[in-house]
Amino acid sequence: MPGLRASPPAFLLLLALAFPRGSLAVQELEPGSRSAAAAARVALLYRNFQAGSLGGLRALGQVRKATLKNIPESGHKYYLQFSTEDYRTGEDAGNCLATVLFPKKKSRPVVSIKCSHTKDQKEIQEEDNRFYQRIRHQSKPITANNIPDSYGNIEPALEPVWALAVAGSSSIMWEKSTETLGYFLAQVKSVRQWLRKDDFIEFDYTVLLHEIPTQEIISCHMRLTWLP
Amino acid sequence: METLLVFLALLGVTSTEQLFVGDQVLRVTARNEEHITLLRVLGEQEELQVDFWRHPNSLGHPVDLRVPFPSLQGVKKFLDSHNFSYSIMIEDVQELLDEEKESMRRSRRVKRSSRMFDFTSYHTIDEIYEWMDVLVEDHASLVSKVQIGQSYEQRPLLVLKFSTGGSNRPAIWLDTGIHAREWITQATGVWTANKIAKEYGQDPSVTAILDSMDIFLEIVTNPDGFAFTHSSNRLWRKTRSINAGSRCVGVDPNRNWDAGFGGAGSSSNPCSETYHGPHAHSEKEVRAIVDFIRAHGNFKSVISIHSYSQMLLFPYGYRRAPTPDHQEMNELAKKAVSDLAAVFGTKYTYGSIANTIYMAGGTTIDWAYDNGVKYSFTLELRDSGRYGFLLPSSQIVPTATETWPALLDIMVHVLEHPY
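One line per chain: the protein sequences are A and B, in this order.
full-length UniProt numbering numbers the first residue of the first sequence as 1 and each following residue consecutively.
full-length UniProt numbering numbers the first residue of the second sequence as 1 and each following residue consecutively.
With the rest of the complex left out, here is chain A (with noise of 0.2 Å):
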């Protein structure tokens, strides 16, 4: 994964006073803008994705500092420090640093982000594991609809098919996101479980993603593998 030298604040501060207040180039952004949160779910959403790991899933906590640069004939770039949560407990799972790049042509965000971390990664991997274990010592094919039910629950025989689903529908949310379109995931409609010969999990879910800020719900088909 590409890392972020981390850009000392030094570095901003000059980039600030050689463009004078006013212009359009650097701009501070306030930490509980919507487009800072919306940007830094951007970055999470492609580290999810990146890190194929269903117990290192990670939410957004708080942004700490959030800076907005227009580079022109490229898009708009920000440059992000936030806090994250760990995605299923809501734990405290260490601070990021990345930068995001909406590009003017419609591509998707590139993103490169560096996180620390609290968890130690044996653990995380442990995690994945007893995951896998779960999913792969099934006698029958899984197949379920709406996870989480219309009251929120989640089985916990099904909570490693929601993760599963968290982490791969990133990958579409995160191709999909613009400056001014974000995701979320409302709900895994169905999910049905391929068998395969080798190691790899295999499953097909119907996703619905709700997509702000035209609130439409958004179904999607995603067909995904797993090896952790």
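Warning: the hint list may mix true and false statements.
Straight-line C-alpha distance at most 25 Å; calculated BS3-like pairs for lysine-lysine [as the list claims (entries may be wrong)]:
no.	chain 1	residue 1	chain 2	residue 2
1	B	K77	B	K145
2	B	K334	A	K65
3	B	K347	A	K119
4	A	K106	A	K176
5	A	K65	B	K335
If you want the footprint, here are the derived chain B segments under chain A, 3+ residues with CB under 8 Å [said to hold, decoys possible]:
no.	stretch
6	227-237
7	272-282
8	384-393
Not the full set, but computed from the structure, chain A residues with beta-carbon under 8 Å of chain B [to be verified]:
no.	residue
9	R34
10	F49
11	P148
12	Y151
13	G152
14	P213
15	T214
16	I218
In case anyone wonders, no lab produced these hints; they're calculated from the structure.
Built from N, CA and C at the ideal position, the CB exists for glycine as well.
Let chain A serve as the given structure and place chain B on it in line with the hints.
Same frame as chain A, but now just chain B:
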């Protein structure tokens, strides 16, 4: 006229209850066979109308008889003259009957409210409407139910009114469930209604508020949509009105208000989730509130509750420029959000709709603000995206609990800043 009289007469007949005022029940001890015979003879005196509760069958067993008031003197004389020993078991039968009736009524009430509505679950519209009646019954001097109109599919639009009297007091409006799929909001509405009723007379702030103001709370603001989320599509947002010339149903009720109607953040496409409708207030659910608030004329605050995002928002949505009251609203929002976070650490952002979430024309609180209701806020409840609309029911009570101090902050501010 004659038929009316007949009807009234029928009414009269059916409502006549037999009364037992002054009747007594006497327990008599028969000491010999003669006594038994005498008692039987007493019972046969039709004009006395003596009613044996325990018949004179054999010696050694007490005889209980109910004696109608007019016959009391005569019967007692009879018993005395034949040396019966007796005691008065029931001094006044009617009094006893009245007591029993009252105690039955009380026990029915206790049973219903201690049937304890499950605030930790999501409920159907019928369950919520039924519970509203129980709440009104249990707090009859404080809470009443008002119907402000009908939905597109003709469901009643019901509002709970919290009032300690007065006439058209300055009022606060709260609504939940205007977007059907935001289930945490209707659930929070139910909990909050219960909380307000409970806390009047207990909590100083609630008491102060209700001693000079009224609170109106519409829990199921979009009943058709809500019913649809239960029966067909859990993620339905809009109303269920048929759109002429389109296969797509429904209008976004939070884009249908006459404030920046048709502007940015709303769509003219009936198939869109943010379809603003053919014209402002086209939706009966919206029109009912507009008419109600206008007719009332004395609303000082409108708080419209949504999910999800964890935000506290104020006008405008239809333009970026701040309102003249921006600073005051911002300060109040800051305080409310801080008090909310103090409960469980849940972090909310706050600000104007346009600058905090996105531009949106035709929203509830923009209309309210532009129509003289200064303290107009929108809340976006839990969560921030993990579960979104499908928030686990285990989070209902925590969400409602943490939101309460924020609501109270706003209501207290409204009370303390009359205009």
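Checklist line | A/T214 as chain B interface residue, shortest Cβ-Cβ below 8 Å | finding: holds (6 Å)
Notebook entry, point to check: Hey, B/K347 versus A/K119, does the alpha-carbon distance stay inside 25 Å?
Noted result: holds (23 Å)
Next item on the list: Would you check whether A/P148 satisfies its interface hint, that is, whether its CB is within less than 8 Å of any CB in chain B?
Entry: holds (5 Å)
Check: Count the residues of the stretch 272-282 of chain B with a beta-carbon closer than 8 Å to any beta-carbon of chain A: does the count reach three?
Finding: holds (count 3)
Notebook entry, point to check: Counting residues of the stretch 384-393 of chain B with a beta carbon closer than 8 Å to any beta carbon of chain A, are there 3 or more?
Noted result: holds (count 10)
Check: Are A/F49 and chain B close enough, Cβ to Cβ, to be under 8 Å, as the hint says?
Finding: Hint violated; A/F49 Cβ to chain B Cβ min 16 Å, cut 8 Å.
Margin query: Checking hints one by one. Is A/P213 an interface residue toward chain B, by the C-beta closer than 8 Å rule?
Written below: Constraint on A/P213 satisfied, holds at 4 Å.
Next item on the list: With chain B as the partner, please determine if A/I218 meets the hint condition of a C-beta pair closer than 8 Å.
Entry: Given a least distance of 11 Å, the restraint on A/I218 is violated.
Checklist line | Straight-line alpha-carbon gap A/K106 to A/K176, limit 25 Å | finding: Distance of about 10 Å is within 25 Å: holds.
Note to self: Can you confirm whether chain A covers the stretch 227-237 of chain B, using C-beta to C-beta distances below 8 Å and requiring at least three such residues?
What the structure shows: With 5 residues in contact (Cβ-Cβ under 8 Å with chain A), the coverage given for the stretch 227-237 of chain B holds.
Notebook entry, point to check: Taking the least C-beta to C-beta distance, is A/G152 closer than 8 Å to chain B?
Noted result: holds (3 Å)
Notebook entry, point to check: At a threshold of 8 Å, is the proposed contact between A/R34 and chain B supported by beta-carbon distances?
Noted result: holds (6 Å)
Figure legend: structure checked against the earlier numbered hints; hints not met, in rising order: 1, 10, 16.
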